[in-house]
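Chains A and B, in that order, are what the protein sequence lines are.
Residue numbers 33 to 149, in this note's numbering, belong to the letters of the first sequence in order.
Residue numbers 39 to 147, in this note's numbering, belong to the letters of the second sequence in order.
There may be inaccurate statements among the hints.
[As the list claims (entries may be wrong)] One-sided excerpt, in silico: chain B residues whose CB lies under 8 angstroms from chain A:
#, residue
1, Phe57
2, Thr58
3, Gln71
4, Pro81
5, Phe83
6, Gln86
7, Ser90
8, Phe137
9, Gly138
10, Val145
[Unchecked claim] Counterexamples of contact, computed for chain A against chain B with all Cβ distances above 12 angstroms:
#, residue
11, Arg63
12, Tyr65
13, Ser94
14, Gln116
15, Met121
No wet-lab data here; the hints were simulated from the structure.
The structure presented is a predicted model; accordingly, all values stated were derived computationally and were not measured.
Every residue gets a Cβ at the ideal spot worked out from N, C-alpha and C, and that includes glycine.
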Amino acid sequence: DTGVSQDPRHKITKRGQNVTFRCDPISEHNRLYWYRQTLGQGPEFLTYFQNEAQLEKSRLLSDRFSAERPKGSFSTLEIQRTEQGDSAMYLCASSYYHVAAGVYEQYFGPGTRLTVT
Amino acid sequence: GQQVMQIPQYQHVQEGEDFTTYCNSSTTLSNIQWYKQRPGGHPVFLIQLVKSGEVKKQKRLTFQFGEAKKNSSLHITATQTTDVGTYFCAPGANSKLTFGKGITLSVRP
């Protein structure tokens with residue numbers, strides 16, 4: 033399977049704990065995105081990378097959230113001191129971008145469902 | 039960001055009926071993408087519209103971008119039970135997508 037993969041698929045944690053999620057994008061894709069989705073809502077943009085550079089981070093994103101893509105391949109999203117309001121599905125997506133060709137569709141992974149108790 | 043409205047949030051149709059949903063923006067959009075999310079699944083890309091008045095078809099699905107590039111529509115001809123899911127429109131700006139709340143379609147067999 034050469035799609036976007038995410039690990040773990042489910043995470044239950046207690047309030048105040050730190051969690052880290054991993055995303056492996058499609059190998060030839062240079063852009064990687066993180067979104068958060070709650071019930072009844074569309075995915076909400078969190079941040080994105082082009083290769084290893086983090087190009088944009090949502091202003092709504094608390095400083096408890098940090099993301100990395102150290103080698104321009106996989107990415108991690110860490111949430112420190114989790115709160116109940118962090119409970120959501122965390123989606124990763126990847127796409128190929130070329131300045132001349134423009135932006136193409138994003139391919140989403142299956143997501144990591146976080147439950148903070 | 040570029041906000042879009044999708045109303046209503048839920049729609050129920052009888053199998054075989056046609057279905058149309060709209061995506062509206064107060065600002066001019068550079069492009070818009072549509073995604074479908076099945077229950078328990080993740081969003082899957084359907085189409086991207088870029089040009090004013092553009093119409094694209096995928097089998098029973100027809101997508102249109104308004105002349106003023108402020109709205110878009112999705113029309114499904116003769117709905118089937120496989121069409122159930124949530125359909126999101128998402129304008130793209132500098133690669134970032136801003137998803138609407140989506141419309142959840144249910145189809146009665």
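Evaluated hints:
For Phe57/B, the suggested interface contact is broken, since its CB lies about 19 angstroms from the closest CB of chain A, more than 8 angstroms. Hint status for Thr58/B: violated, given a least beta-carbon distance of 19 angstroms to chain A, over 8 angstroms. Checking Gln71/B against chain A: minimum C-beta separation of about 7 angstroms stays under 8 angstroms; hint holds. Given the 8 angstroms rule on beta carbons, the hint for Pro81/B holds: about 5 angstroms separates it from the nearest Cβ of chain A.
The restraint placing Phe83/B at the interface with chain A holds, with a minimum CB-CB distance near 4 angstroms, inside the 8 angstroms limit. Of the supplied interface hints, the one on Gln86/B holds, with its beta-carbon coming within about 6 angstroms of a beta-carbon of chain A, less than 8 angstroms. Interface restraint check for Ser90/B: the shortest CB-CB distance to chain A comes to about 16 angstroms, outside 8 angstroms, so the restraint is violated. Taken as an interface hint, Phe137/B checks out: its beta carbon lies about 3 angstroms from the nearest beta carbon of chain A, inside 8 angstroms.
Here the hint on Gly138/B is kept, as its CB sits about 6 angstroms from the closest CB of chain A, short of 8 angstroms. Among the interface hints, the one on Val145/B is violated; its C-beta lies about 19 angstroms from the nearest C-beta in chain A, farther than the 8 angstroms criterion. Remark: the non-interface label on Arg63/A conflicts with the geometry, its nearest Cβ contact in chain B lying 6 angstroms away (cut-off 12 angstroms). Not every Cβ of chain B is farther than 12 angstroms from the Cβ of Tyr65/A; the closest lies at roughly 8 angstroms, contradicting the non-interface assignment.
Taking the minimum C-beta to C-beta distance to chain B, about 18 angstroms, the non-interface status of Ser94/A holds against the 12 angstroms cut. At the 12 angstroms boundary, the C-beta of Gln116/A stays outside the reach of chain B, the nearest C-beta of that chain being 22 angstroms off. Annotated as non-interface, Met121/A brings its C-beta within 12 angstroms of a C-beta of chain B; the closest such distance is 8 angstroms.
Of the numbered hints given earlier, the model fails hints 1, 2, 7, 10, 11, 12, 15; all others are met.
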